[in-house]
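Each chain is listed here by its residues.
There are 2 protein chains.
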Amino acid sequence: MADKGITSRTQDFSQWYLDIIERAELAENSAVRGCMVIKPYGYAIWENIQKELDRRIKASGHKNAYFPLLIPKSFFTKEASHVKGFAKECAVVTHYRLKESPDGKGIVVDEDAKLEEELIIRPTSETIIYDTFSRWITSWRDLPMKINQWANIMRWEKRTRPFLRTSEFLWQEGHTVYATEEENIKEVMDMLQMYVDFARDTLAVETYSGRKSESEKFAGAVNTFGVEAMMPDGKSLQFGTSHDLGQNFAKAFDIKFADKDGTVKTPYQNSWGVSTRMMGALIMTHSDDNGLVLPPSVAPIKVVIVPISKDENRDTVMEYCNNIVEELKTEIEEVELDARDFVSPGYKFNEWEKKGVPVRMEIGERDIQNGGVTMVRRDTNEKMFVERSQVLEYTKNLLNEIQNSLLNRSQSIIRNNTHAVESYDGLKTMMKGEKGYAKVYWCGDPKCEESIKAETKATTRCIAEEDVSGKCIYCGKDSKEAWYIAQSY
Amino acid sequence: MADKGITSRTQDFSQWYLDIIERAELAENSAVRGCMVIKPYGYAIWENIQKELDRRIKASGHKNAYFPLLIPKSFFTKEASHVKGFAKECAVVTHYRLKESPDGKGIVVDEDAKLEEELIIRPTSETIIYDTFSRWITSWRDLPMKINQWANIMRWEKRTRPFLRTSEFLWQEGHTVYATEEENIKEVMDMLQMYVDFARDTLAVETYSGRKSESEKFAGAVNTFGVEAMMPDGKSLQFGTSHDLGQNFAKAFDIKFADKDGTVKTPYQNSWGVSTRMMGALIMTHSDDNGLVLPPSVAPIKVVIVPISKDENRDTVMEYCNNIVEELKTEIEEVELDARDFVSPGYKFNEWEKKGVPVRMEIGERDIQNGGVTMVRRDTNEKMFVERSQVLEYTKNLLNEIQNSLLNRSQSIIRNNTHAVESYDGLKTMMKGEKGYAKVYWCGDPKCEESIKAETKATTRCIAEEDVSGKCIYCGKDSKEAWYIAQSY
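Those protein sequences? They're chains A and B, same order as listed. The first sequence maps to residues 1 to 489 in my numbering. The second sequence maps to residues 1 to 489 in my numbering.
Don't take each hint at face value.
[To be verified] Calculated pairs, DMTMM-like style, for lysine to aspartate or glutamate (alpha carbon to alpha carbon, straight line, at most 20 Å):
no.	chain 1	residue 1	chain 2	residue 2
1	A	K88	B	E100
2	A	K435	A	E450
3	A	K73	B	E111
4	A	K158	B	E111
5	A	K114	B	E111
6	A	K114	B	E157
7	A	K217	A	E450
8	B	K383	B	E455
9	A	K63	B	E22
10	B	K114	A	E157
11	B	K428	B	E455
12	B	K51	A	E47
13	A	K58	B	D103
14	A	K99	B	E336
15	A	K63	B	E336
16	B	K99	A	E157
17	B	K158	A	E111
18	A	K99	B	E117
19	A	K63	A	D142
20	A	K114	B	E116
21	A	K146	B	E450
22	A	K88	B	E455
23	B	K58	A	E52
24	A	K84	B	D103
25	B	K58	A	D338
26	B	K146	A	D338
27	B	K114	A	E111
28	A	K63	B	E333
29	B	K428	B	E450
30	A	K146	B	E47
31	A	K88	A	D197
32	B	K84	A	D110
[As the list claims (entries may be wrong)] Facing chain B, a subset of chain A residues (Cβ under 8 Å, in silico):
no.	residue
33	I38
34	F76
35	D131
It should be emphasised that the hints constitute simulated quantities derived from the structure, not laboratory data. A virtual CB, placed ideally from N, CA and C, is assigned to each residue, including glycine.
Just chain A, same shape as in the assembly (with noise of 0.2 Å):
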């Protein structure tokens, strides 16, 4: 097979994660420091996330709207611990117009064109979404208000990695509102459910989920709950957070409501998100170092034919070929013929394969002779020979298959690389060595885990289990939770 310019990855992790992104044509780095390009094929697996991510959402009563990109200065300042977290490293419009230069190369700022307050690219939107909710929300009648947002996100970042940290992003933000605090909880918790099967279902990742401590939670929720995924070079990815706020956004941005019984009250709300992110997850988790590998339920190509043929049995070939398209097509969509004449086949599998396409079949004649088609699944790179009448069949089959095997394989990766550690020493050994989750007590001082961080860099991920009992893993006092601790992403 020929050389795929792909770093192994037990050699480099973090090349081999790099490498792919480049040959399988997701993304590169664009003119602007930060943030990245989406290639169409990474487009594609995007817009299929999106798509059943959004049939999730609008099938919990969830309705998409959209808000302002930018977002007044002074807002982020009306809830005091929000401020704190997000008015950061933000992209700040300052001025509405340029102007041709003076000396007549260019273009500069025309600095009479100064905004009176700055304008800040929404690094989350709570802000100017409750600032609206607090005009659309006045009586119990109202409530529920259940609104998401698919939506481009700034935050300035020093180090970026594609996918996993850009100062651009692309994401969906869930905002919602409710009268009483059970709702309320039942809601986060809901939608944190959401993201764990969505995880599973259809990205074939298996996840831990569960509430953060207080040094991990958003600026301005009372709780966050988080799910994680685990890498496969043993670090923790966070997928995707569901924030209880409380009712403290309600009574920074003055939302009230008048209840049946008439008195005017302040209701609950909660916001969760997932974005670009998960694409991160989805490629570390499958990929090998054959480039790229795609559950078919993400797929953007589920199968690719790639016909073997000469000059002379062209027409042979490519009518045999067709003939498995067309019926292939009846029920299967992603479909796709490689029909280029100005690549071998050689070329075409190779490429492919970069690209994580579940099922590519390679027909020439030999196996028309032979009634079939040879299949290559790109899990395993097992290659099968299928007779003609089984084709459409065995590949439905195969991709079910193709499906739960990779789920298999992320169950086992959570799982043997979580272990229960009681010595202080056995974790600073685990996070020198495999790394993965260690399954911890913590006292819940945040001292500990300070300590824990800037002498392991693993970090709470999420709690494990309450209400049970043991002895803080650093200062060895009684412990009534145990915790996920991980290095993380």
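Guided by the hints, dock chain B onto chain A, whose structure is given.
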């Protein structure tokens, strides 16, 4: 019928438009000047528009991708005429950090975090996309390159109107590169036709389309072709544009390809887009003094069922309604049962009328006894009684009929508002009175165009006929082209 709080269209067209948007809950102004919030009901219409356009764009072989929101200032100066058109009223990012104010009150821009080069929020993406294309394209094998982007756009506007002109808006922009001029021009015309077809088939809006004049073309284009729709107040709305960029940008951004014969050539490009502005055309074309009127093809709710019951027959009525919903949903997805018990049926009729739901069913005990349902079609307000067994079939036909009838009305509007005008006095009278499209001979001299604009507020919208002969309506010189001219949005 209760007062709908909508100004009469004939009394004040402009206020009528704003009232419709408010009462149908489509959009509202935000705290950021010139930026709107697109409310859930308005956004649901936009999603339907997007879905159908995206289908058409993909069917014609284009792939979606995503490019950065921010563009380096220097990119705008690369194409000489582009800079004049676009590097003006833009949102300029100058800093990337905020910090707490030294006086402890609020937050201020951190002057230490000043960007070396300012970044502009995209007013259109030619420059950043073509900078990328210069790396993507090296060989004839890379062509044609057919890319589309769905994105938010920012152009600082002084006078804004929801959907029609806002500082931030949503759009799609197609960007295509071809090896030859012929292929390129074919695509320019194909995409223009796609917009015409989409307007007609989906939005039920009839349009004119054709080449625009030099003064009206896109900054940096060789030629711009526009789609124009006639609004009921006699003004034309530019619905979409398709630009033949020739080699202008390819030269400016150094896009080159090695052709089959080994020589290095400069390719040809085009770009084309439509935006949330289409929502303005949709609203103005079909609505009336009772509120929004929507063609079924983009209506988030196609059929609404309002039960009319009292405590004693509530169960019977609801069962009858639920049964109908179930049957309708087998073929029509967008059916809503308005089961709210805290507002009256009259309130509901009023609300769904304002929101433009094409078919309303009113179902009370009398309807049940008579073995059917009462239906009201929104476009004509006609009321009819339909037998229970006919409900599904009748509804499907009625939705088709409404769609066709709205298109017929739009075709009448454009036809009845187009007049061949031969004298300049006639043109002045027309533009002071009923307005509409004047089909006139124009010699092509920009001075005549400018004078006509100054004196009648009418501009050339697009060419009506080529290779004809007549006398220029302004200067009387020989003219070989007839143009549609009108006042415009």
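Here is how each hint holds up against the structure:
{"no.": "1", "hint": "A:K88 with B:E100", "result": "holds, 9 Å"}
{"no.": "2", "hint": "A:K435 with A:E450", "result": "holds, 18 Å"}
{"no.": "3", "hint": "A:K73 with B:E111", "result": "holds, 15 Å"}
{"no.": "4", "hint": "A:K158 with B:E111", "result": "holds, 17 Å"}
{"no.": "5", "hint": "A:K114 with B:E111", "result": "holds, 15 Å"}
{"no.": "6", "hint": "A:K114 with B:E157", "result": "holds, 15 Å"}
{"no.": "7", "hint": "A:K217 with A:E450", "result": "holds, 14 Å"}
{"no.": "8", "hint": "B:K383 with B:E455", "result": "violated, 48 Å"}
{"no.": "9", "hint": "A:K63 with B:E22", "result": "holds, 18 Å"}
{"no.": "10", "hint": "B:K114 with A:E157", "result": "holds, 15 Å"}
{"no.": "11", "hint": "B:K428 with B:E455", "result": "holds, 8 Å"}
{"no.": "12", "hint": "B:K51 with A:E47", "result": "holds, 12 Å"}
{"no.": "13", "hint": "A:K58 with B:D103", "result": "violated, 46 Å"}
{"no.": "14", "hint": "A:K99 with B:E336", "result": "violated, 52 Å"}
{"no.": "15", "hint": "A:K63 with B:E336", "result": "holds, 15 Å"}
{"no.": "16", "hint": "B:K99 with A:E157", "result": "holds, 16 Å"}
{"no.": "17", "hint": "B:K158 with A:E111", "result": "holds, 17 Å"}
{"no.": "18", "hint": "A:K99 with B:E117", "result": "holds, 15 Å"}
{"no.": "19", "hint": "A:K63 with A:D142", "result": "holds, 14 Å"}
{"no.": "20", "hint": "A:K114 with B:E116", "result": "holds, 18 Å"}
{"no.": "21", "hint": "A:K146 with B:E450", "result": "violated, 51 Å"}
{"no.": "22", "hint": "A:K88 with B:E455", "result": "violated, 52 Å"}
{"no.": "23", "hint": "B:K58 with A:E52", "result": "holds, 19 Å"}
{"no.": "24", "hint": "A:K84 with B:D103", "result": "holds, 16 Å"}
{"no.": "25", "hint": "B:K58 with A:D338", "result": "holds, 18 Å"}
{"no.": "26", "hint": "B:K146 with A:D338", "result": "holds, 18 Å"}
{"no.": "27", "hint": "B:K114 with A:E111", "result": "holds, 15 Å"}
{"no.": "28", "hint": "A:K63 with B:E333", "result": "holds, 16 Å"}
{"no.": "29", "hint": "B:K428 with B:E450", "result": "holds, 14 Å"}
{"no.": "30", "hint": "A:K146 with B:E47", "result": "holds, 17 Å"}
{"no.": "31", "hint": "A:K88 with A:D197", "result": "violated, 33 Å"}
{"no.": "32", "hint": "B:K84 with A:D110", "result": "holds, 14 Å"}
{"no.": "33", "hint": "I38", "result": "holds, 4 Å"}
{"no.": "34", "hint": "F76", "result": "holds, 6 Å"}
{"no.": "35", "hint": "D131", "result": "holds, 6 Å"}
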